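> Dock chain B against chain A, hints included.
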Amino acid sequence: METAPKINNTAQQASTPPHVAKEKVKMTENQIDYPDKTVGLPLVDDAKMSMRDVCVYYADKQAIYDVNLDVGKNEVIALIGPSGCGKSTFLRSLNRMNDTIDICRVQGSLKLEGEDIYDPKLDVVELRARVGMVFQKPNPFPKSIYDNVAYGPRLHGLANKRYDLDEIVETSLRKAGLWNEVKDRLHQPGTGLSGGQQQRLCIARTIAVSPEVVLMDEPCSALDPIATAKIEELIDELSSQYTIAIVTHSMQQAARVSHRTAYFHLGRLIEVNDTRKVFTSPDHQLTEAYITGRFG
Amino acid sequence: MSKTTETVRKTLRKRYRAERRFRAYGIASIAVGILAVVVLFTDIISKGLPAFTEAYIQVEVVYDADTLGVAVPASEEELMSANYRGVVRQSLYALFPEVDGRREKRALGDLVSSGAEYWMRDRLIENPSLINKSETVWLLADDTVDLFIKADDEQREGSRLNDRQREWVQTLEDDDRVEMRFNASLFTHGDSREPEQAGLWGAVAGSFFTMLVTLGLSFPIGVAAAVYLEEFAPKNRLTDFIEVNINNLAAVPSIIFGLLGLAIFIGLFGLPRSVPLVGGMVLTLMTLPTIIISARAAIKAVPPSIREAALGLGASRMQMVTHHVLPLAMPGMLTGAIIGMAQALGETAPLLMIGMVAFIVDIPGGPVSPATVLPVQIYLWADSPESSFVALTSAAIMVLLGFLIMMNTIAVVLRKRLERRW
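Residue numbers (this note's numbering), protein chains in the order written: chain A, 228 to 523; chain B, 13 to 434.
Hint data in this document are derived by calculation from the structure and do not stem from the laboratory. Fair warning: this is a prediction, and the values are worked out from it, not measured in the lab. Take these hints with a grain of salt, some might be off.
Stated by the list, open to error - Below are the DSSO-like pairs computed for lysine-lysine, each with C-alpha atoms no more than 30 Å apart in a straight line: (1) 15/B / 288/A; (2) 247/B / 348/A; (3) 338/A / 504/A.
With the rest of the complex left out, here is chain A (with noise of 0.2 Å):
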């Protein structure tokens, strides 16, 4: 991220040297009010997840403020931002894995195609099981590839014979673009893979339920570049069937794989808009002065 790509760079911000560029954060922000409302299209009509007047605490400390922000169906959406400002909270709050916080609390209402996420009367797991997530760190059980895909499907029992079973982990693992690689080894240790396959079992386990919506948590920050364009292009297959939000660091990636780019700041949502006009012309000037790598 402090590396970040330059996508809007001019020749006199390239040629300008660190410390200058710290102060020009500073005035930005001193000069900069937070907008009251997110600018862009936060909105869309076809939504398949919509939050509204979202607030997060961790015990005293908030961290997200306000936001609003629908995932329309079949849509890559990518969630960016400097580190700390609650994107990766944000996409938690999405299938409540920040129930495992004691202190974490989340206000607001956040619907998953009409149906409060937050209900008490929704079940946890039901919701786990439609909106799927996939972690930072490669993190398959120190099981087989086979029973690593097959765990979720055994958990809601959605095979009931062995041969279901096989053809739900076969799907899964071609989906993930991972069958060709392992399909003479599946009763191997998963975490005998290399860091790419292991993140591409992860997703595999993920999709391997059928959730609606796959979150993704910078889930190539770990990779290697030859890997990370392999989950790129998984994530590009996958999102004609899914809807997906996807955290990252990384611009590039978020301006290769997503349809729309909303921008965190300090816990507030600054702008959401097309991936393309976040990239070229940012309505907001802290997106701009992120995106073209003047802080974060």
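For chain B alone, kept in the frame of chain A given last:
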């Protein structure tokens, strides 16, 4: 050479010296440790080894029906209470026909253990046809004879045998009528006042049942407590308080647990004294902190990413724990449990309080029959006045150490075998 280099060289030499010194300290402390172990083991083994053999005396016995005081054929009841002592003595008088007078005869009879009579009883009950026949047999010698035979000349001076008895033993030795055999009774008999008949088996069985109760109670309770505290309990003052108290319990002197067991289990609940069940319950109290602490450490060592992965796929917390956390933490928890068990196996003080220090001859048949345990048996034997018990004590220590080494080896092997690398 620049000034910096010069300074660096000087300090470098000093640094190397310090490093060498530090390494020497380490080696020295390990050497002290090894020396202590070697001294301990040589002392125990040299004292204990003689106890693994015992002396037998060869005699011709005549199972004379008149001396035995039984009819022919004899009923089993008659054989149970026949006069075997007379037969044994007759066989000894036959070896030394010159012995005369009540006192001398009695002294001669004392050369053979009373255990020989029991052996003869069992033999005759099994083969009643031997009555009125004679055979050559080896009879277990008395422990004073045993000690005398094992002793060197200097030690023989201090023997409890009188001059006549020493002559007889000498004669028997010269006639090759004395043999050292493996002390099987050590591993088959219960305790006895007669050192040559005393065995460890009662204590081993008592220890086994006690450990069974301890493991059966402390492992499930400890694991459940650890899982709850680690995975489900809210983090607040109450759980902090509980944690501090668990750690405290680990440092409470074990005799206090014994007093507690005496007051609660025996006094309040009315459970019997001296039984492995109560012993196991008391040792459970003592072992629980060890198991809880090690199980919590093992659970903590399971990477959070695995938990997140399971939760993210829609596993409930309980499923996350049973499918992933417990299997991954199991080697650590088992190691902790075995180390806790090893501790409990060597524990004496709390068991004294609940009456497991009684003199019990019978081999316990279950967790509610009176028993004693290995370390208490060691304590009892160390306390006995007969000098033969010195060797027996050391032999019992060797057996106990053997069990401890075995358990700790299992713990190490388990950890090595089941350990997963990430």
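> The structure should be examined with respect to each hint, and the outcome stated for every one.
Comparing the hints with the structure gives:
Proximity of residue 15/B to residue 288/A is assessed by CA-CA distance (about 54 Å); at most 30 Å being required, the pair is judged violated. For the hint linking residue 247/B to residue 348/A, the alpha-carbon distance of about 25 Å falls within 30 Å, and the restraint holds. Of the supplied pair hints, the one linking residue 338/A and residue 504/A holds, its CA atoms being roughly 27 Å apart against a limit of 30 Å.
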